[in-house]
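Participant: Spelled out from the first residue to the last, the chains are:
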Amino acid sequence: MMRAPCVARVLFACGTLTALAACAPIQPWVKPYEREHLADPIMSLDPNPVSSDYLQHVFGVREASRGATGAVGGGCGCN
Amino acid sequence: MQLSGLVKDVAAWPGGQRLRALLAALALALAWVAPARSDVLPDDRADVLFHRYDGGGLVVEGPSVLVQKKVTEKFAVNAAYYVDQISSASIDVVTTASPYKEKRQQESAGFEYLQGQTTYSGGFIDSNENDYASKTAFAGVSQSMFGDLSTVSIGFKRTWNNVYRSLKNEATDETYRDPSFHQQNENHSYTLGLTQVLTRNLIGNFDFETDVDEGYLSSPYRQVRYLISGALGTPTAIIGTETQKYPNTRTSNAVSVGLKYYLPYHAAVDGSLRYFHDTWAIGAETLQLHYAQPVWQHWLFEGFYRFYRQNSANFYQDVFARIDEYNYYTRDKELSTYHANTLGVGLSYQFLVPRVRLITKATANLRIDHMMVQYENFRDERYSKLFVGGDNGHASYAGGEPLYVLNANVLQAFFSIWF
Numbered sequence: 001m002m003r004a005p006c007v008a009r010v011l012f013a014c015g016t017l018t019a020l021a022a023c024a025p026i027q028p029w030v031k032p033y034e035r036e037h038l039a040d041p042i043m044s045l046d047p048n049p050v051s052s053d054y055l056q057h058v059f060g061v062r063e064a065s066r067g068a069t070g071a072v073g074g075g076c077g078c079n
Numbered sequence: 080m081q082l083s084g085l086v087k088d089v090a091a092w093p094g095g096q097r098l099r100a101l102l103a104a105l106a107l108a109l110a111w112v113a114p115a116r117s118d119v120l121p122d123d124r125a126d127v128l129f130h131r132y133d134g135g136g137l138v139v140e141g142p143s144v145l146v147q148k149k150v151t152e153k154f155a156v157n158a159a160y161y162v163d164q165i166s167s168a169s170i171d172v173v174t175t176a177s178p179y180k181e182k183r184q185q186e187s188a189g190f191e192y193l194q195g196q197t198t199y200s201g202g203f204i205d206s207n208e209n210d211y212a213s214k215t216a217f218a219g220v221s222q223s224m225f226g227d228l229s230t231v232s233i234g235f236k237r238t239w240n241n242v243y244r245s246l247k248n249e250a251t252d253e254t255y256r257d258p259s260f261h262q263q264n265e266n267h268s269y270t271l272g273l274t275q276v277l278t279r280n281l282i283g284n285f286d287f288e289t290d291v292d293e294g295y296l297s298s299p300y301r302q303v304r305y306l307i308s309g310a311l312g313t314p315t316a317i318i319g320t321e322t323q324k325y326p327n328t329r330t331s332n333a334v335s336v337g338l339k340y341y342l343p344y345h346a347a348v349d350g351s352l353r354y355f356h357d358t359w360a361i362g363a364e365t366l367q368l369h370y371a372q373p374v375w376q377h378w379l380f381e382g383f384y385r386f387y388r389q390n391s392a393n394f395y396q397d398v399f400a401r402i403d404e405y406n407y408y409t410r411d412k413e414l415s416t417y418h419a420n421t422l423g424v425g426l427s428y429q430f431l432v433p434r435v436r437l438i439t440k441a442t443a444n445l446r447i448d449h450m451m452v453q454y455e456n457f458r459d460e461r462y463s464k465l466f467v468g469g470d471n472g473h474a475s476y477a478g479g480e481p482l483y484v485l486n487a488n489v490l491q492a493f494f495s496i497w498f
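First to last, the sequence lines map onto chains A and B.
For the record, in the first sequence the residue sitting at position 53 is 53 according to the working numbering, with numbers rising by one throughout.
For the record, in the second sequence the residue sitting at position 111 is 190 according to the working numbering, with numbers rising by one throughout.
Don't read these hints as lab results, they were simulated from the structure.
Note that the structure is predicted; figures quoted are calculated from it, not measured.
The beta-carbon is built from N, C-alpha and C at its ideal position, and this holds for glycine as well.
Incorrect hints may appear among the rest.
[Claimed, not checked] Within a straight-line C-alpha distance of at most 30 angstroms, the following computed DSSO-like cross-link-like pairs (lysine-lysine) qualify:
#1 B/Lys440 / A/Lys31
#2 A/Lys31 / B/Lys149
#3 A/Lys31 / B/Lys182
#4 B/Lys214 / B/Lys180
#5 B/Lys440 / B/Lys148
#6 B/Lys182 / B/Lys214
#7 B/Lys148 / B/Lys182
#8 B/Lys247 / B/Lys324
#9 B/Lys182 / B/Lys324
[Said to hold, decoys possible] Derived coverage of chain B by chain A (criterion: at least 3 residues anywhere in the stretch with Cβ under 8 angstroms from a Cβ of chain A; other residues may be distant):
#10 265-274
#11 322-331
#12 354-367
#13 396-409
#14 446-460
#15 483-493
Same shape as in the complex, but just chain A (with noise of 0.2 angstroms):
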């Protein structure tokens, strides 16, 4: 049976190696050759502009909220 003294040695070296691994820099997770399926053109965020910046005018002119839709709208009266 490990001693107390013993399983204290060891989380401290766990919890050093875990600190020291924090400080490292962040390596992409994701590597180049894996991204196919993200660089399908059905993955794109937003394919057709065009067509997204006509909804998000649609639907503002009638709805009281804004904002955070990661488009830029001009003004518009729409009374």
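Chain A is already provided as a structure; the job is to place chain B on it using the hints.
Facilitator: This is chain B only, laid out in the frame that chain A set:
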């Protein structure tokens, strides 16, 4: 856009100190990350779209054109032209005025400049209609980092609006600008965004935006109803009307998170949630779902669903108990409590243009959306006996009309080419 200038500007508005600190840290982080290798600008493309909205007595249609072109490998320009041809007999119009036609025209131009993994962008938007003129300037910077797994962006937008009032010459059926009415307002907008590759099949994105408005924020046409005497919904109700009055300032915050996932059988599904709140006590939530499925060799089928709900502004009422009940008062249905469901389908066909080697790819696209909006405290005044000839065969009394329901169809047909 100078980051230091943006940081100072943010600090000038109420509650901006915390965001100033955040932007300062972000500016430091962007400066710290040295460009390791070059990113790329979007492909050259042009889009021509025809749009039509038809619902609630309002028809809006017109063209929209967008062109983006790389001048060099590091510098791209874009330009857009948009028209709304409006023919309105909406509930707001028929209960306070007579149907009208007008045109809104918008032009915009912008640029993107790539330096290493940093993209600088900016542009200008000019929008004009008979009773509203708006100019918008915007700038932003985005930075790819962590092996292009993360893209952080910040942006700033400022809009200057001139508000006019249209009058109608009933003899000639033409509208003209009321020379005795002119108001102004301004908007400042600050955005922060993050796009993150999470796995080899999953992308996440986060957006935050703060908007600050100052000036005349009301509409010169809309009126509120108030009870002079009697009881609402009964023949004893006597109703008066008054031009609505808005506060002159408004600050809002919106935050959204989204995920997009590549399905193993070559399809994609994405969803997003947005939460909104402002100083007029309006809260809103938006849920969006989208599914894209390539079919056969050249076709792409898409399905959309969007749910939206909001609660009304704290100075909104369908009928006020008396006109001096509040300092501010409105009956704009856009500031009322309601929820909306939108369903849409889209179909795209990809093809090559024969004998035109300049065009590397082209698509023909059709999209149809159906909106169903259920208002919860905005009543259909057309049913009221106070609206002459407007009982629609189901007469009711002011304050007792059925709640307003809006159904609308939105059509988009567009061609896109890449060159």
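Participant: Now look at each hint and say whether the structure bears it out.
Facilitator: Okay, the hints, checked on the actual structure:
With a CA separation close to 28 angstroms, the supplied pair B/Lys440 and A/Lys31 stays within the 30 angstroms bound. For the given pair, A/Lys31 sits about 28 angstroms from B/Lys149 by alpha-carbon distance, which is consistent with the 30 angstroms threshold. Restraint check for A/Lys31 and B/Lys182: not satisfied, since their Cα atoms lie roughly 51 angstroms apart, outside the 30 angstroms limit. Restraint check for B/Lys214 and B/Lys180: satisfied, since their Cα atoms lie roughly 23 angstroms apart, inside the 30 angstroms limit.
Between B/Lys440 and B/Lys148, the direct Cα distance comes to roughly 15 angstroms. Compliance with the 30 angstroms bound is thereby established for this hinted pair. Of the supplied pair hints, the one linking B/Lys182 and B/Lys214 holds, its CA atoms being roughly 17 angstroms apart against a limit of 30 angstroms. As the CA atoms of B/Lys148 and B/Lys182 are separated by approximately 28 angstroms, the hinted pair is consistent with the 30 angstroms bound. Distance hint between B/Lys247 and B/Lys324 is fulfilled; the C-alpha atoms sit about 23 angstroms from each other, no more than 30 angstroms.
Distance check on the hinted pair: B/Lys182 and B/Lys324 sit about 26 angstroms apart at the alpha-carbon level, within 30 angstroms; holds. Against chain A, the segment 265-274 of chain B contributes 5 residues with a C-beta closer than 8 angstroms to a partner C-beta. That satisfies the three-residue criterion, and the hint holds. Against chain A, the segment 322-331 of chain B contributes 1 residues with a C-beta closer than 8 angstroms to a partner C-beta. That does not satisfy the three-residue criterion, and the hint is violated. Given a C-beta distance limit of less than 8 angstroms, the hint that chain A covers the segment 354-367 of chain B holds, as 6 residues qualify and 3 suffice.
Counting residues of the segment 396-409 of chain B whose CB lies closer than 8 angstroms to any CB of chain A gives 0, which falls below the minimum of 3, so the coverage claim is violated. Check on the segment 446-460 of chain B: 3 of its residues sit with their Cβ under 8 angstroms from a Cβ of chain A, so the three-residue criterion for coverage holds. Residue count for the segment 483-493 of chain B with a Cβ under 8 angstroms from a Cβ of chain A: 3. That meets the three needed, and the coverage hint holds.
When the structure is compared with the earlier hints, violations turn up for hints 3, 11, 13 and for no others.
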